[in-house]
Amino acid sequence: MSEKSKRVEFVKGSRAFNRRETLKLGLLGAASLAMPAVVRAEDPVLHVASLFDLTGNLNIYGIQEMNVSRYAIESINAAGGVLGKKLMLHEYDTQSKIELYSRYAQEVGANDQISAVVGCFTGASREAARPVLSRNKKLLFFPTIDEGGECDKYCFMQGTDCVQQEGPLLDWAIKNGGKKIYVVAADYIYGHVANAWTKSLAEAKGASLVGTEFIPLDVSDFSATIRRIQAAKPDVIMSNLVGNNHVAFYRQFAAAGLNKSIRIVSPVFGLGNEEKVLSPAEGAGIVVAYSYFEGLDNPENKAFLEGFRKKFPEAGVIADAPAQVWNGWHQWKMAVEAAGSTEIDKVVEALEKAAPFAGPAGPVRLDPQSHRNIQNVHLAQVTDKQSYEIIEKFEQVAPTREVVGAGTCDLTGKDKTSHRMINPKF
Amino acid sequence: MDAFVVIAVSVVTAIATLILISAGLAVIFGLMRVVNMAHGEFLMVGALTTTSLVLKLHVPWWLAMMAAPFVGGAIGGLMEILLISRIYQRHLVDTLLITFGISLIMFQLAVDIFGTTPPGIETPLGALTVGSYAFPAYTLVLLVSAVVMLLGLYLLFTRTKYGLLARATAQNPAMALALGVPAKRINFITFTLGCALASFGGAVLAPMISVSPSLGQAFVGQAFMTVVIAGPAFITGTLLSAILLGGVSNGLSQGLTTLWGLTGLFAMAIIILRFRPLGVSSSWKRGL
Amino acid sequence: MTASMHGDDTLARDMALPVAIRSVQARNLTVFIAAVVLLVAAAQFASSTMALKLILWISFSICALSLDFVWGKAGIFSFGQNAVFGLGGYAYAVIALNFFPDSQETVSALLGAGLVGALSSALLGYFLFYGRLSDVYLSIVTLAVTLIIYTVLASTAGPEYHIGEALLGGFNGIPSLPGIAFPALFGIGGTELSIHQLLTFSILFTAAIYFSLHLLVRSRFGLMIEGLRSNELRMELLGYDIRKLKLIAFTIGGLIAGLGGGLFAAWGTFVNPSVFSLAQAATVVVWVMVGGRGSLLGAFIGVLIVQSAADAADLVITEQTPLLVGLLLVGVVMLMPDGIVPTLARWMKVGGHRPRELRARLREQGHAGAAADRRLSVADIAKHFGGVHVLRGITAAFGDHPIHAIIGPNGAGKSTFFNILTGRHRPDHGRVVLNGSDVSRVPTFQRCRQGLGIKMQVPCIFADLTVRENMQLAALISKDAQDIHQTLQRVGLSQRADEVARNLSHGEQQWLEIALLLVQNPSVLLLDEPGAGMSEEDKRQTIALIHSLSSQHTLIVVEHDMEFIRALSAPVLMLHQGIVFRAGTFDELVRDDAVIDAYLGRRSHAA
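The listed protein sequences derive, respectively, from chains A, B and C. Per this note's numbering, the very first residue in the first sequence carries number 1; after that it's consecutive. Per this note's numbering, the very first residue in the second sequence carries number 427; after that it's consecutive. Per this note's numbering, the very first residue in the third sequence carries number 715; after that it's consecutive.
This is chain A alone, in the form it adopts within the complex (with noise of 0.2 Å):
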């Protein structure tokens, strides 16, 4: 007998059933592979993505932005999801290391049915993931404040930009404080594009600057700036500094005294809980500008809130930036059932077509030559119970084009096809 046809006895014996039912389970294998489009088609789920901090030094932030990534994803659901189909939410912790949002961001960008991330929290992280999802065609919703110069026509910004929030904070700290404004900015791209801002607008405003520092994000002894500020007299202190070891300013300039004498207006301050950091005598009186707080009162908030407590009972305050992410998920719904089909450069198109989108803040439209949005902005202040009393609302306030230094960024013009950075000049 040859080998051939002893292999052949083989077959028909007892295990003959079984090689039928694997090359059958083969051959359907290959066929689906082969036949990728088919197959999506009937895939009766449409699969988005979100990439935040749940471990790790910036947890506190990327925690609460997953949940209420979960939320939104869970009640679009229950309304009937999008185009007829449900929604499955893709979590990937970055556990507060960039490395991971270039991997999850390279992952995301090789998975052919995640079509949309709502993720990042810095800056930083954005810029590890954004070029990566761009390049793959995946759309990236941010929901975080940022100071500008992404020119990306895949990339949405969903929160303020310096210009919507320090805009009306000057007006409040020229009004309520005075004319000299001192800046302290966390010094890395951030806080510089932040004070050219400053500058620019506070001089518009007739105001003027009597003294601007940069501090490295380790440090924590302020008393060099709090010594420098003692001798300018400023009325007011424009703050832009950021993380945890810069929560030591306020407590330090509270332990002069000087808070009593001084406003402080910050467009960061609360992002991370600072509030309720510092004792309410140390962060009394400090001035914040967001679209979202919670204490906003209009129905659509409150339906946000109590959707969201009945999910997570035990989770803390909202602050602006989950709030966003709830934005970011409606606007990319409605776009996509404007267009029809999640097709990228059809949901941009929508995108920048689309109405305003009712949100817990009030109406948010996107601006389509930044690609961001024109929103309410409400300046808040910190009471002596570590909580925010909304003291002024500002309607609709547009975000800027410009990039500081650097001209502007015009997503459905000159800019239609970019996918870049600008980097501002300071």
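A few of these clues could be false.
These stretches of chain B come out as covered by chain A in the derived footprint (C-beta under 8 Å, 3 or more residues) [said to hold, decoys possible]: (1) 430-440; (2) 537-551.
Mimicking DMTMM-like on lysine to aspartate or glutamate, the simulated pairs with C-alpha atoms at most 25 Å apart in a straight line are [to be verified]: (3) A/K414 to C/E1222; (4) A/K86 to A/D43; (5) A/K199 to C/E874; (6) A/K233 to B/D520; (7) C/K767 to A/D112; (8) B/K482 to A/D112.
Worth flagging that the hints you see were computed from the coordinates, not collected in a lab. Beta carbons are placed, not taken as given, at the ideal position from N, Cα and C, and that holds for glycine.
Starting from the structure of chain A, add chains B and C where the hints point.
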């Protein structure tokens, strides 16, 4: 003139801060040649103990700060008995890695218990004014604490039996053992002392800074640099090292910008290491 | 003495070995190539997710490999290897951003990363090794360096911080890097590799690095590195410039780490300062520690285990990753301190020391003949430590007799004098002259090259290497290398040539040490208490050996054992209280009351 006084206070405070955050690490490294990578976490333990006692149990701040070293010492002592004591005779890297592993564990446990942004305590004692400047009166507490700490260590190591035995064991472990020095007990005390000192340092600093589980990681770099620059004389060397690094750094921060201060600190460190790679006190005759 | 005087069995074995070795090497090579081919094939079926993970782990493995080499093979514990890795990443970023738009390739960036890694390591290494830093201080200085680089790079936020087109970006780092792209040649290349192509490239790239390292480790240089790790002092005493050796090893490590960093940057298309952090520094050490620094393979295993644990930790208990990684670390240190690979190898009883079979017939044939000039003299040597004047003016000449003995009671200054002769101390005053040249300020290793042989009191040999490898190390550096086999015969160790030195008896180790000196054909041999710790029989053999050597070398023996000294029949120099107290024959000194008084501590007679 007023500015000068305030600047001087600031510089001296910076020096005192470096001493407070480095003393524990210096003792353990100086006497046992062990690099305690969990040193930062002991700073954190001290700070969190203080804030917890003050905020939850309404203990007066100075009392809470005195309790902190006991908590840190207890944890350090436990660590020593269970783990460190078994690996002294091994290569340096083993203690380094085990303390690093422990630092990860302590960090995560702190996050689990306290969250990443627990509430802090405000600076007590109000402000002192000098002309048109004001500075926190509490800085004097920092200063006094650092001085008391150094003096206390000096007396401990020159006037007590433990101090003598510890120095002997450090200089010649084999001989000390042969003479019947209870090395195990001495090492236990030294390690526990180092951890207690670190906790005390963190506790005293707590009202001036932001207290969170990541406090350790924020300060361990500076503590490390101070100890490296200090060299073998772990009391006087640490003092000089703190004066050089803290003085230059704070001086530059005051005179120019904070960034210059940070740069200056590292430039100083590099220069010193270039000429005295084993630390400023490496060519000194005194052992402490 | 020629080859024909080799024992028959040795000759036969020497001839058979090359054939045997070649077949072992050929087999290992085949296995290696097969493994690589298999990996590349398997890689094609990996999902994109898996492929991305693997490429990251491969770049980490290259970093771990560099530390594994530098620490596990050369004995240099650098706590800042991640800094070189990071510099490689930044170099890739800067070069790629500047060149890629025009050249459409990033191979230059990758190679540049390696080059920057090598250069930065060379610079740091020069500072470390020529500053004589070692052990704990080396590790903390390297850690300090990585922290400094972290802080510096994190402060480069402004637009003025750029290198060509590449903005350093401060804390945010440098985004949007091009991936690996080969130059457009012969119709291929010119575009960035896809994920699977990158994985294939990474596997081949790493295999090439691993293989090169493996060859290096098995080469003569590898033997020197192993000697360095095994016994640094003995390397110095054999005449090796250990600073230079360490520097070369460290630079090679830097090259590898730099290449790894380049791959890492290409994978992530992004670099930022967090790679220089303390946590990352420790992580690299953890990889090598867990995998085991005895073998190069340990680097890969370590990364695999630690990174899998970090990924899986989230599945075990969510959001507790640092806790679980910390526990893993503690567990490994307590239970498997050598790392997983060596511990497993021990349990499975595989591995163990494989002596190198160096291809060249390593000066097995030396030329014989005594050194012509064999004189060592000192003039008016004085040395003090602080306020203690240990040596107060010693003048002596050694060489007119073949053997000299130095004796003296405790505190006489014998050890210090010995150290002055060896070069461990510099005299505060006076000169040391070896064969006519002044070596007072010459470092020890150069004195050894000039013909000084130094035998320490406690056997100073390479315990983990075979006797033959010990001898090879001695012969490799020597300008006047003797025949290894014959030298071993002279000390009676020729039958033990393939024994690991640790397994020799104490006496045999002493003789091995003497053989190490002899194979370098020194003119003057310094022996510090050669009879120490020996049995009577061994002492007799040592004395006989000394006598047999005296025809070719000058020997200076420092001893306490009076019977030993008597048997040497040599002129005796007695030191006491830092001066030459008496000089003469043994019998003369033994009858001198003043000598006895000095030994007994009685009040000395007038000198």
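Here is how each hint holds up against the structure:
no.: 1; hint: 430-440; verdict: holds (count 6)
no.: 2; hint: 537-551; verdict: holds (count 10)
no.: 3; hint: A/K414 to C/E1222; verdict: violated (84 Å)
no.: 4; hint: A/K86 to A/D43; verdict: holds (10 Å)
no.: 5; hint: A/K199 to C/E874; verdict: holds (19 Å)
no.: 6; hint: A/K233 to B/D520; verdict: violated (54 Å)
no.: 7; hint: C/K767 to A/D112; verdict: holds (17 Å)
no.: 8; hint: B/K482 to A/D112; verdict: violated (52 Å)
Consistency with the previously given hints fails for numbers 3, 6 and 8, ordered from lowest to highest.
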